[in-house]
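J.: Residues per chain are reported as follows:
Protein chains: 2
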Amino acid sequence: MSPRAAGADLPAPLPEPAVENLRLETVFGALSDPLRLEIVRRLLLESEDFDHTCGWFGFDRPKSSLTHHFRALRDAGLLRQRQYGLERRSHVRVDDLNARFPGLLDLVAAWKP
Amino acid sequence: MSPRAAGADLPAPLPEPAVENLRLETVFGALSDPLRLEIVRRLLLESEDFDHTCGWFGFDRPKSSLTHHFRALRDAGLLRQRQYGLERRSHVRVDDLNARFPGLLDLVAAWKP
Numbered sequence: 001m002s003p004r005a006a007g008a009d010l011p012a013p014l015p016e017p018a019v020e021n022l023r024l025e026t027v028f029g030a031l032s033d034p035l036r037l038e039i040v041r042r043l044l045l046e047s048e049d050f051d052h053t054c055g056w057f058g059f060d061r062p063k064s065s066l067t068h069h070f071r072a073l074r075d076a077g078l079l080r081q082r083q084y085g086l087e088r089r090s091h092v093r094v095d096d097l098n099a100r101f102p103g104l105l106d107l108v109a110a111w112k113p
Numbered sequence: 001m002s003p004r005a006a007g008a009d010l011p012a013p014l015p016e017p018a019v020e021n022l023r024l025e026t027v028f029g030a031l032s033d034p035l036r037l038e039i040v041r042r043l044l045l046e047s048e049d050f051d052h053t054c055g056w057f058g059f060d061r062p063k064s065s066l067t068h069h070f071r072a073l074r075d076a077g078l079l080r081q082r083q084y085g086l087e088r089r090s091h092v093r094v095d096d097l098n099a100r101f102p103g104l105l106d107l108v109a110a111w112k113p
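Top line first, the protein sequences correspond to chains A and B.
Sequential numbering of the first sequence, starting at 1, is according to the UniProt record's numbering.
Sequential numbering of the second sequence, starting at 1, is according to the UniProt record's numbering.
Just chain A, with the same shape it has in the complex:
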């Protein structure tokens, strides 16, 4: 069992839509920005079995801007975020998205900046 799946010792996820409330138009809206597509793509393709802070990405953007984009992705149901002290760490809600929108994450993974 992965540390993430164990769950009991992780901070609770920040507020997010339940899987049954995910909406395709909202997910598309969140992914209509190249930076947000890149965030999801890199989390999908490069992350290992742990969550990442926005600093991990190395984007040359103000932290407030990144916080906004991560929040938009969480609100749309693409990312799950947990607060570790002063840091938020994120991962893609792969199982939920594959259950509701099969093929969506393949499109994101294949995207080229």
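These are calculated hints, taken from the structure and not from any lab test.
All residues carry an ideal CB built from backbone N, CA and C; glycine is no exception.
A hint or two may mislead.
[Said to hold, decoys possible] Here are the computed distance ranges between Cβ atoms for each label pair:
1. B:Ser47 - A:Gln83: 30 to 38 Å
2. B:Pro113 - A:Ala110: 21 to 29 Å
3. B:Pro113 - A:Thr53: 32 to 40 Å
4. A:Arg61 - B:Asp75: 41 to 49 Å
[Claimed, not checked] Covered stretches of chain A, going by a simulated chain B footprint (3 or more residues, C-beta under 8 Å):
5. 13 to 20
6. 33 to 47
[Claimed, not checked] A few chain A positions that, by computed beta-carbon distances, are all more than 10 Å from chain B:
7. Thr26
8. Phe59
9. Pro62
10. Arg89
11. His91
Chain A is already provided as a structure; the job is to place chain B on it using the hints.
T.: Quick look at chain B alone, frame taken from chain A:
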């Protein structure tokens, strides 16, 4: 050969991005609106082998609003439009979208308003 495929006797398509210039983030942006998702879904699922005017959909919206939404879908590369006198008729660029973004149209077809 269908009348559409024959091509020679059809008006030229209105300006649209070439298939190699389609961008996933732009397509997602155009589909982030429920009305636009519905337009593409209905053209996919209900249209036969001819193009449709925006009146065919029976939407209770001003014509100027519909014209705007169809134009946004054409600019993003989702629809091809041809001018027949005073009317524009539209169909989904199925082959182009399947070539560039496999699975995208399945997501749209499965969408529920």
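J.: If any of the earlier hints don't hold here, list their numbers in rising order.
T.: 1, 4, 5 and 7
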